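Starting from the known structure of chain A, arrange chain B on it as the hints suggest.
Listed in order, the protein sequences are those of chains A and B.
Residue numbering for the first sequence follows UniProt numbering, beginning at 1 and increasing consecutively.
Residue numbering for the second sequence follows UniProt numbering, beginning at 1 and increasing consecutively.
FYI, nobody ran anything at the bench for these hints, they're computed from the structure.
Warning: the hint list may mix true and false statements.
[Unchecked claim] With a straight-line Cα cutoff of 20 angstroms, these simulated DMTMM-like cross-link-like pairs (lysine to aspartate or glutamate) come out:
1. B:Lys-104 / A:Asp-248
2. B:Lys-104 / B:Asp-127
3. B:Lys-146 / A:Asp-241
4. B:Lys-152 / A:Asp-275
5. B:Lys-152 / A:Asp-96
6. A:Lys-93 / A:Glu-245
7. B:Lys-98 / B:Asp-108
8. A:Lys-160 / A:Asp-172
9. B:Lys-152 / A:Glu-245
10. A:Lys-192 / A:Asp-275
11. B:Lys-152 / A:Glu-210
12. A:Lys-170 / A:Asp-150
Computed from a predicted model, the values in this text were never measured in an experiment.
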Amino acid sequence: MLARSCLRSTRAFAGLRNGAVQITKRAASSSSSGSTAESPLRLNIAAAAATAVAAGSVAWYYHLYGPTADAATPAEEGLHPTHYPWVHQQWFKTFDHQALRRGFQVYREVCASCHSLSRVPYRSFVGTILTVDEAKALAEENEYDTEPNDQGEIEQRPGKLSDYLPAPYKNDEAARFANNGALPPDLSLIVKARHGGCDYIFNLLTGYPEEAPAGANVGAGLNFNPYFPGTGIAMARVLYDGLVEYEDGTPATTSQMAKDVTEFLNWAAEPEMDDRKRMGMKVLVVTSVLFAMSVWVKRYKWAWLKSRKIVYDPPKTDNSPRRF
Amino acid sequence: MGFWDTITDLVEAATPWATADAEAPAQELPEETTAESTKEEASTEAETAAAAEEPAAEEEEPAAEEQEEEEEEEEEEEEEEEPVDPKEQLEEDCRNSKQCSPAKHHFDECVERVTAAESSEGGAKEDCVEEFFHLAHCATECAAPKLWSILK
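Bound conformation, chain A alone (with noise of 0.2 angstroms):
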C-alpha cells in the first residue's frame, strides 16, 4: 500500500514536471499493468481542479485588488503636466543664469505684485543673478523696520542686502481679501512644493486655452486651466506676448516668459543645485582617483603571489620498478 502510493505520487510528480511525453508513458504503463485502472481519471480531476483553484484565485484577487478606484475625476485631478527637457535639470548642467536674470525680471515685474518670494534674501541674488550694486539699490528700494530706538519706536530704515524679500500683502488675510478669496501662495519652494515641479510650472502658466471646452463647468471668479487640479484656478492668464522688454533683447514671447520664470524659481528652490552638482562632480572624481588607486595597490601587493611558480620536483629516483 505505502510502496503503491509513493510509486504513484512519485509518479504524478514526473507528470507535473514534464507533461506530455510522461503522460503518455503513464498511459502506456496504465494500460499493461491494468491494476492502476482507476488513477488517469483521478489525476486528471485532481489536476483540473487544481488548475481551477489557481485560476480562480487568480481571478479573485484581480477582482478585489486589480482595477483601481480613483476618487477623484481627471477633471478633479488636473491634467498630467507635460515633460519638457529643462537643460538644467541634466546631471552636469548648471541653472542659465542669463535666464534666471530674465526669470528674476519677470517675477519682479509681473508675479511680485501678488505673489511672495519670502525666503528669498537679496544676499542671495548677489554673484548668482544680480552684481552687488544691483541687489543693494534693488534691497535700498524698500523700507524695513529698525530696532526700537531710545524711546521705543520702531522706524523705517532703506533695506539692506541681509533683508528678505517684501511681500505684497501684510498677512494672508489680506491677500485672501484682496484676490476675491484666493490666496496667492508664496513662490519661495513652490517648485518643490507642486506635483511635476517645474514642468507644471511652466505649464500652468502657458496652459490657458482661449476658451474653456464645451461644457466645462467653470465657477464664478475663476479661469479654466487644465493642468491646475479641479480646473477651476483663481489666477487669470497673466503672461501675453511682449508684456516684459527684457533686458538682453531676447524676444518676451509667453512661453519665453514662462520658461525664465519658471527657471527662476527653480533657483528660488534649490539655490544650492549648482553647488551640490559640483560637489557630486567632485565626489566622482575623488572615488574614481581612490579606486585606481586601489587597484595598483592590489596588484602591488599581491604580484608576489600571482606571480608565484609551484613547482612538483619529484624525488630523484632510477627508472627501475620498484620492489617490493
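This is chain B only, laid out in the frame that chain A set:
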C-alpha cells in the same frame, strides 16, 4: 621683473586651474540707460499724441476718422513689433497632425454633441474636459522638443 612676469603669465595661461574673472562692469549702468530710453520713448509718444491731437482740435469732424485710422495703423505696427509665441503655432500643427488625429476627432465630436445638447434640451449632461485633456496632452507632448529648440 618683466622676465618673471612673462613666465608667470605663461604658467597661468597653461594651468588648467586658471581662474576666469568676470568682465569689468560697463561705465554706463544699464538701469540708467533703460530709464533714459523709457523716458525718451515716453516723450516721443507724448509728442506724437500731441501732434495727433492738434489737427483734431482744428477740424474735428473730418479729422476724427483719419485719427482713428492712424491709431489703427500704429496699433498694427506695435503688434507687428511684438514677438509671436511659437508655442501656439507648434501645438496647432501638432493638433492637426496625424499623431493626434484620434484625440482631435473625439474632441470635435464631443464638442458637437455637447453644444447640440445644450441648445436643444437645455443643459448637457456631460462635458468635454477629458477629451480636451487627451488632445492637449498629445499636442503639448508633440510640441515640447520643438518648442525647446526654439526658446532661448
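Hint by hint, here is what the structure shows:
With a C-alpha separation of about 39 angstroms, the suggested pair Lys-104 (chain B) and Asp-248 (chain A) falls outside the 20 angstroms cut-off, and the hint is violated. Restraint check for Lys-104 (chain B) and Asp-127 (chain B): satisfied, since their Cα atoms lie roughly 15 angstroms apart, inside the 20 angstroms limit. For the suggested pair Lys-146 (chain B) and Asp-241 (chain A), the alpha carbons sit about 19 angstroms apart, so the restraint of at most 20 angstroms is met. Under the criterion of a C-alpha separation no larger than 20 angstroms, the hint pairing Lys-152 (chain B) with Asp-275 (chain A) is inconsistent with the structure, at around 23 angstroms.
Taken as a hint, the Lys-152 (chain B) and Asp-96 (chain A) pair is honoured in the structure, with Cα atoms around 10 angstroms apart against an allowance of 20 angstroms. Among the hinted pairs, Lys-93 (chain A) with Glu-245 (chain A) is inconsistent with the structure: their alpha-carbon atoms are about 27 angstroms apart, more than 20 angstroms. Note on Lys-98 (chain B) and Asp-108 (chain B): the hinted pairing holds, with a Cα-Cα distance of about 15 angstroms set against a maximum of 20 angstroms. Restraint check for Lys-160 (chain A) and Asp-172 (chain A): not satisfied, since their Cα atoms lie roughly 25 angstroms apart, outside the 20 angstroms limit.
Taking the CA atoms of Lys-152 (chain B) and Glu-245 (chain A), the gap is near 15 angstroms; set against the 20 angstroms cutoff, the hint holds. Annotation: proposed proximity of Lys-192 (chain A) to Asp-275 (chain A) holds, straight-line Cα distance about 18 angstroms (limit 20 angstroms). For the proposed pair Lys-152 (chain B) and Glu-210 (chain A), the alpha carbon gap of about 25 angstroms is over 20 angstroms, so the pair is violated. Distance hint between Lys-170 (chain A) and Asp-150 (chain A) is unfulfilled; the C-alpha atoms sit about 27 angstroms from each other, more than 20 angstroms.
Against the hints set out earlier in the document, violations occur for numbers 1, 4, 6, 8, 11 and 12.
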